[in-house]
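Number of protein chains: 2
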Amino acid sequence: MAASSIRFGPGVTAEVGMDFRNLGVRRVALVTDATLRALRPVEVAVAALERERVRYAVYADVRVEPGEGSIKHAVSWAKAEQPDAFLAVGGGSVMDTAKLMNLYTCYPSASFLDFVNKPLGGGRPIDKPLKPLICVPTTAGTGSETTGTAIFDLAGKRAKTGVAHRALKPLLGICDPLNTRTMPSAVHASSGLDVLCHSLESWTAIPYHERVPRPTNPILRPAYQGANPISDIFSLQALRATVKYLPRAVRDPDDAEAQSQMLLAATLAGVGFGNAGVHLCHGMSYPISSQNPARYHHPGYVVPHPIIPHGVSVAVTAPAVFRFTGPSNPDRHLAAAEIFGVDIANVKSESAGEVLSEALSEFLVKLGDQPRGLKALGFSEGDVDGLVEGTIPQRRVLMLAPNLASEEEAEKGREQLRGLFLDAMEY
Amino acid sequence: MAASSIRFGPGVTAEVGMDFRNLGVRRVALVTDATLRALRPVEVAVAALERERVRYAVYADVRVEPGEGSIKHAVSWAKAEQPDAFLAVGGGSVMDTAKLMNLYTCYPSASFLDFVNKPLGGGRPIDKPLKPLICVPTTAGTGSETTGTAIFDLAGKRAKTGVAHRALKPLLGICDPLNTRTMPSAVHASSGLDVLCHSLESWTAIPYHERVPRPTNPILRPAYQGANPISDIFSLQALRATVKYLPRAVRDPDDAEAQSQMLLAATLAGVGFGNAGVHLCHGMSYPISSQNPARYHHPGYVVPHPIIPHGVSVAVTAPAVFRFTGPSNPDRHLAAAEIFGVDIANVKSESAGEVLSEALSEFLVKLGDQPRGLKALGFSEGDVDGLVEGTIPQRRVLMLAPNLASEEEAEKGREQLRGLFLDAMEY
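Taken in order, these protein sequences are the chains called H and G.
Here the first sequence is numbered in the working numbering, starting from 40 and rising by one per residue.
Here the second sequence is numbered in the working numbering, starting from 40 and rising by one per residue.
Just so you know, the hints here were simulated from the structure itself, not pulled from any lab data.
Errors might be hidden in some of the hints.
For chains that are exact copies, the list does not tell them apart, and a pair is met inside one copy or across any two.
Below, a list of computed lysine to any residue pairs in the SDA-like style, where the Cα atoms sit at most 20 Å apart [to be verified]:
#, residue 1, residue 2
1, Lys170, Ala206
2, Lys167, Leu210
3, Lys167, Leu62
4, Lys283, Asp382
5, Lys283, Pro268
Use the sequences and the hints to build the structure in full.
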């Protein structure tokens with residue numbers, strides 16, 4: 040496995056000008072969103088660039104939970120600007136948009152779907168190094184500063200998809216706890232839930248040596264390899280930190296220790312799932328966020344359109360998912376339950392999934408302001424078939440889901456997903 | 040921090056031909072030593088290259104614990120061969136020699152000392168990418184497949200030194216448990232002790248945020264950054280695995296699980312210390328191995344010259360070192376002692392160093408065939424001044440030693456090192 044470079048510490052954002060100067064970069068595209076444009080993280084980054092006389096142009100039109108349209112807008116801008124390097128200051132939406140701006144300016148004649156994951160896109164591998172990208176996360180969630188993945192909504196497909204390739208990885212992630220202080224409490228909560236699911240899904244993903252088909256050449260290995268001894272270390276450590284610090288970070292915006300530890304946890308989880316992969320919570324979340332039939336607008340999110348934040352849509356199915364995956368590896372599910380504080384001494388293996396599911400539900404309820412199932416987000420049983428159809432194309436993550444029927448048994452798999460969505464209606 | 044790519048699993052060596060073909064490499068320098076030349080790891084690697092029709096030339100003259108002379112010999116060979124890439128199959132000596140062959144063929148007009156660590160060398164930074172290097176470790180110890188460090192004896196200086204720079208890092212480490220089966224038991228033991236000290240030293244090194252002087256530009260950060268939240272995870276996991284599996288691996292050469300886990304532990308410890316650094320055990324080990332006044336030849340090492348293996352020379356001072364460093368961070372020393380099985384519930388902070396020291400001594404004694412102190416290696420009190428003088432130039436690691444006087448208080452530092460060597464005479 041490969042990891043990006045990570046720099047962690049309060050104040051390290053101020054070094055980013057020197058980083059670009061050290062790289063010999065003359066013109067940087069600073070990618071952010073309209074809200075952040077006026078906030079401290081961007082201000083510090085801009086001052087750092089100016090201090091080192093690195094020229095820059097700002098793109099601040101990134102959309103939260105980006106779609107094909109907003110990505111294409113950003114790519115056109117970048118093609119016209121022709122920067123030598125990219126600097127993303129923001130959350131997952133900003134970092135993922137910047138990765139795609141970088142990709143498509145390095146392949147100016149590629150069509151948009153060429154690199155998009157199969158089966159929705161062509162799954163074309165990136166066969167040359169891209170321009171340097173430095174990511175400065177302002178949320179503690181996505182871990183995108185460590186991964187080679189960029190996710191967005193594909194117009195007309197009612198599902199999210201993305202591009203996943205090692206070459207998309209940022210050169211450097213600058214994790215500065217001073218930058219997550221601008222997060223509203225609701226963003227703390229939902230981005231922290233993303234970390235929770237990254238760590239739990241990568242910890243329970245099928246093991247790397249059971250992934251089929253085995254590639255005939257190492258270059259064909261997917262970015263998501265299945266749970267492995269190195270990703271395990273990152274995923275478990277991130278889970279421990281999230282269980283301990285997320286409730287504090289949500290409750291008290293001035294708890295600097297909790298916020299700093301959550302930023303680190305997000306990065307650790309990023310390395311874990313960036314190599315091991317995620318599975319059902321993420322695979323099922325894309326149609327949930329994307330379809331949003333009742334135009335749900337999550338409280339605390341200041342955006343001019345309905346939104347089921349990514350972290351909310353992954354966590355809402357988690358109690359159902361880990362009940363379902365429990366039998367695949369009871370020991371791992373019990374180890375996770377123990378991290379939530381469950382005394383597992385007398386728990387039987389058969390109950391491992393149920394016990395983890397209950398611990399998770401309790402954690403979510405105590406965290407506060409979370410929908411207790413898909414119903415609370417406005418979904419009804421009539422939406423389940425659409426959700427299943429929006430999940431099926433997430434082959435890249437579903438192939439890592441334990442207990443799920445393989446692609447060859449398509450009908451059985453659909454039935455299992457239907458059961459999972461129904462079970463996720465209420466917890 | 041940055042990590043090399045690691046591929047782990049039984050049989051993965053057979054993929055190395057495809058790796059070079061994927062890289063577009065036409066001619067590989069295969070670097071190994073005379074013993075390994077005839078053994079299975081080299082045989083498998085050669086077959087893999089031939090299967091993919093990658094041309095190669097073999098350099099099998101690497102010396103165990105290499106010196107300036109053997110490095111220069113290897114570099115001359117490489118300059119004449121002009122390979123596109125390097126493949127190291129062997130232990131730390133082989134991997135470190137291959138790193139330096141790569142470096143000096145990429146800088147053909149550099150003088151040998153230019154890149155060597157200060158103060159013995161010029162400490163010139165490597166300012167361009169080197170040729171691809173793939174490392175296939177055949178011992179479970181050095182972790183060199185993950186690091187940017189190459190260590191050797193400097194003629195006439197009675198001390199080891201080396202080159203340390205991120206650019207020296209291998210592109211890929213192929214960790215194949217089938218390759219460590221050729222290790223004699225004595226090599227298992229001493230290379231495992233290297234892992235033990237890598238993990239303990241990096242776990243107890245001064246924290247990254249206390250390292251002084253602070254660099255004015257991120258490019259000036261040393262490869263060894265001090266203990267940090269990411270290296271901690273690797274170091275502790277490696278320590279746990281070593282305490283559990285090293286005794287089994289030494290006792291039973293057919294214990295495939297223990298051997299495989301030790302190979303993984305060595306790699307994890309490599310990532311840990313490769314980013315956090317090592318300190319006193321390593322700093323003091325270089326003159327121990329290098330000076331060897333009684334021409335000690337460690338039992339089980341089939342080499343035609345006297346040898347204090349690297350792992351033996353680092354572990355021999357460990358009980359004294361961690362007694363000394365205990366007060367710097369009692370919690371960390373107690374956490375380490377707990378991994379050795381000590382019940383720390385009622386141990387006072389003041390005893391943390393002593394308790395870890397005792398746990399270590401007991402572990403070393405039980406492992407068997409280890410010298411119980413410097414006396415058993417043939418050192419006497421009259422050698423201590425020479426050992427101290429050989430340690431002082433190891434500034435790169437001494438700056439990470441907790442409790443040690445700074446460079447400015449040179450005499451106090453010498454006195455502390457003298458005390459440590461005297462304390463290490465017997466345990």
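To see whether the hints hold, each was checked on the structure:
When the C-alpha separation of Lys170 and Ala206 is checked against a cutoff of 20 Å, the pair qualifies both within a copy, at 10 Å, and between copies, at 19 Å. In this assembly of identical chains, Lys167 and Leu210 lie within 20 Å of each other by CA distance both inside one copy and across copies; the values are 14 Å within and 16 Å between. Taking identical chains as interchangeable, the C-alpha atoms of Lys167 and Leu62 lie at most 20 Å apart whether they share a chain (18 Å) or sit on different chains (11 Å). Taking CA atoms no more than 20 Å apart as the test, Lys283 paired with Asp382 passes inside one copy only; the shortest distance there is 16 Å, against 25 Å between copies.
Proximity of Lys283 and Pro268 under a CA criterion of 20 Å is satisfied inter-copy only: 16 Å between copies versus 23 Å inside one chain copy.
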